[in-house]
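*Asks:* Sequence:
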Amino acid sequence: MDDPLTASLDLLRRLPPQQVAQNLSLLSDTVLPDFADDLLSSVDQPLQVKVDSGSRDYLACDYNRDGDSYRSPWTNAYDPPLEDGTQPSAKLRPLEVAMNDAFDVYRDLYYEGGVSSVYLWDTDDGFAGVVLIKKTNDDGPSAASWDSVHVFEAAERGRSAQYKLTSTVMLYMSKPVQAAASETNKGEGEVSLGGSMTRQHEVSSQLDTTSAATLAQSHIVNVGKLVEDMELKMRNLLQEVYFSKTKDILGSLRSQAGLNEQNKFRAVQGELVGLLKGRKVAT
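Reminder that position 66 of the sequence shown reads as 66 in the UniProt record's numbering, one-by-one numbering, no gaps.
Hints may be right or wrong, so weigh each one.
What the hints assert, rightly or not - In the DSBU-like style, the derived pairs of lysine-lysine whose C-alpha atoms are separated by at most 35 Å in a straight line are:
1) Lys164 - Lys135
2) Lys264 - Lys135
3) Lys247 - Lys264
4) Lys233 - Lys50
5) Lys50 - Lys91
6) Lys225 - Lys247
7) Lys164 - Lys225
8) Lys175 - Lys247
9) Lys175 - Lys50
10) Lys50 - Lys225
11) Lys135 - Lys225
12) Lys135 - Lys175
13) Lys91 - Lys264
14) Lys135 - Lys91
15) Lys233 - Lys175
16) Lys91 - Lys247
17) Lys175 - Lys264
18) Lys225 - Lys91
19) Lys91 - Lys233
20) Lys164 - Lys91
21) Lys233 - Lys247
22) Lys50 - Lys135
23) Lys175 - Lys225
24) Lys233 - Lys164
Unchecked claim - The calculated label-pair distances, taken between Cβ atoms and stated as ranges, are:
25) Glu261 - Asp57: 47 to 53 Å
26) Ser174 - Thr210: 30 to 36 Å
27) Ser174 - Pro80: 30 to 36 Å
28) Gly224 - Asp125: 40 to 46 Å
29) Ser55 - Glu202: 22 to 28 Å
30) Thr86 - Gly113: 28 to 34 Å
If you're looking for bench data, these hints aren't it; they were derived computationally from the structure.
On a predicted model such as this, the values are computed, not experimentally measured, just so you know.
Beta carbons are placed, not taken as given, at the ideal position from N, Cα and C, and that holds for glycine.
Construct the complete structure from the given sequences, taking the supplied hints into account.
*Replies:* Written out as structure tokens, the structure reads:
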């Protein structure tokens with residue numbers, strides 16, 4: 001039998017992503033209070049949008065949290081203010097700023113809206129970071145949300161670097177549908193679709209070590225290409241797994257053709273079968 005932590009993680013992976021915060025809080029507070037920190041650090045939650053002192057939107061998650069405060073990648077300050085909050089080193093901070101600018105352009109080109117944030121931290125053999133992107137659409141009766149979390153490690157090896165990427169995409173959509181009017185069922189219902197997907201990839205890429213500026217640019221290009229390729233693969237997988245399968249299920253449950261059209265089709269089909277049988281007998 002699985003231990004409580006493993007069983008809880010397995011359960012959370014199967015529950016709707018839009019309810020993960022509520023379910024995580026329930027497990028942490030009532031069922032597994034001793035494993036609360038492990039659960040919070042192991043489960044990806046939908047990203048929260050916050051506004052810093054410069055009126056700039058940024059994304060809050062466990063990677064930029066220190067206690068109850070969150071650090072903005074634009075101002076490098078915590079909200080609420082925190083004197084000894086964790087920050088990237090003076091050497092790494094310029095790269096963090098440059099990556100935020102680069103992925104802000106990426107977000108605008110690919111998502112045409114939304115919010116992005118990049119956070120970096122120092123490691124023993126290089127640095128690590130996370131690229132966060134969130135796009136929501138709640139205009140009108142339909143609602144949709146896309147949250148992508150790309151955690152990467154970069155280990156420099158002379159003129160090359162080894163990158164390890166772990167990407168998670170959380171997708172949720174809901175759309176009201178008009179229910180058939182009857183004595184027991186009147187009004188509208190709702191169709192919702194949600195889920196999450198995690199993939200990993202590792203690659204070695206070249207670095208331009210001519211100067212600090214070219215080295216930073218190499219990391220931005222390498223990480224950007226890695227995230228771009230992974231998002232494209234995962235988007236295609238989500239389209240194949242969720243949308244195509246949902247379309248097949250709906251098609252098997254309800255035909256787009258009406259009953260009269262189906263009866264006409266069966267009649268024509270029967271007539272053709274009869275003609276083919278008569279032709280075989282004549283031959």
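*Asks:* Hints first: check each against the structure and report whether it holds.
*Replies:* We went through each hint and held it up to the structure:
Taking the CA atoms of Lys164 and Lys135, the gap is near 25 Å; set against the 35 Å cutoff, the hint holds. Taking the CA atoms of Lys264 and Lys135, the gap is about 46 Å. The hint is violated against a cut of 35 Å. In summary, the hint linking Lys247 to Lys264 is supported, as the alpha carbons are separated by about 25 Å, within the 35 Å threshold. With a CA separation close to 29 Å, the supplied pair Lys233 and Lys50 stays within the 35 Å bound.
Using a Cα cut-off of 35 Å, the hinted pair Lys50 and Lys91 holds, with the two alpha carbons roughly 26 Å apart. The straight-line distance between the Cα atoms of Lys225 and Lys247 is roughly 32 Å, inside the 35 Å bound, and the hint therefore holds. A hinted pair counts as satisfied when its Cα atoms are at most 35 Å apart, and Lys164 with Lys225 qualifies at roughly 13 Å. Taking the CA atoms of Lys175 and Lys247, the gap is about 15 Å. The hint holds against a cut of 35 Å.
With a C-alpha separation of about 26 Å, the suggested pairing of Lys175 with Lys50 holds against the 35 Å cut-off. Restraint check for Lys50 and Lys225: satisfied, since their Cα atoms lie roughly 27 Å apart, inside the 35 Å limit. With a C-alpha separation of about 20 Å, the suggested pairing of Lys135 with Lys225 holds against the 35 Å cut-off. The suggested pairing of Lys135 with Lys175 holds, with an alpha-carbon distance near 17 Å, which does not exceed 35 Å.
The suggested pairing of Lys91 with Lys264 is violated, with an alpha-carbon distance near 75 Å, which exceeds 35 Å. Note on Lys135 and Lys91: the hinted pairing holds, with a Cα-Cα distance of about 31 Å set against a maximum of 35 Å. Note on Lys233 and Lys175: the hinted pairing holds, with a Cα-Cα distance of about 26 Å set against a maximum of 35 Å. Proposed proximity of Lys91 and Lys247 is contradicted: the alpha carbons are some 51 Å apart, above 35 Å.
Distance restraint check for Lys175 and Lys264: the Cα-Cα separation of roughly 33 Å lies within the 35 Å cut-off, and the hinted pair is therefore satisfied. Taking the CA atoms of Lys225 and Lys91, the gap is about 23 Å. The hint holds against a cut of 35 Å. Of the supplied pair hints, the one linking Lys91 and Lys233 holds, its CA atoms being roughly 33 Å apart against a limit of 35 Å. For the proposed pair Lys164 and Lys91, the alpha carbon gap of about 21 Å is at most 35 Å, so the pair holds.
About 20 Å separates the Cα atoms of Lys233 and Lys247, which keeps this hinted pair within 35 Å; it holds. For the hint pairing Lys50 with Lys135, the CA-to-CA distance comes to about 14 Å; that is within 35 Å, so the pair holds. Proximity of Lys175 to Lys225 is assessed by CA-CA distance (about 34 Å); at most 35 Å being required, the pair is judged to hold. Restraint check for Lys233 and Lys164: the C-alpha separation of about 16 Å stays at or below 35 Å, so the hint holds.
For the pair Glu261 and Asp57, the beta carbons lie near 51 Å from each other, so the given range of 47 to 53 Å is met. A C-beta distance of roughly 51 Å is found between Ser174 and Thr210, which places it outside the suggested range of 30 to 36 Å. For the pair Ser174 and Pro80, the beta carbons lie near 33 Å from each other, so the given range of 30 to 36 Å is met. Between Gly224 and Asp125 the C-beta distance comes to about 21 Å, which lies outside the given range of 40 to 46 Å.
Our hint of 22 to 28 Å for Ser55 and Glu202 is violated, since their Cβ atoms are close to 39 Å apart. For the pair Thr86 and Gly113, the beta carbons lie near 30 Å from each other, so the given range of 28 to 34 Å is met.
Figure legend: structure checked against the earlier numbered hints; hints not met, in rising order: 2, 13, 16, 26, 28, 29.
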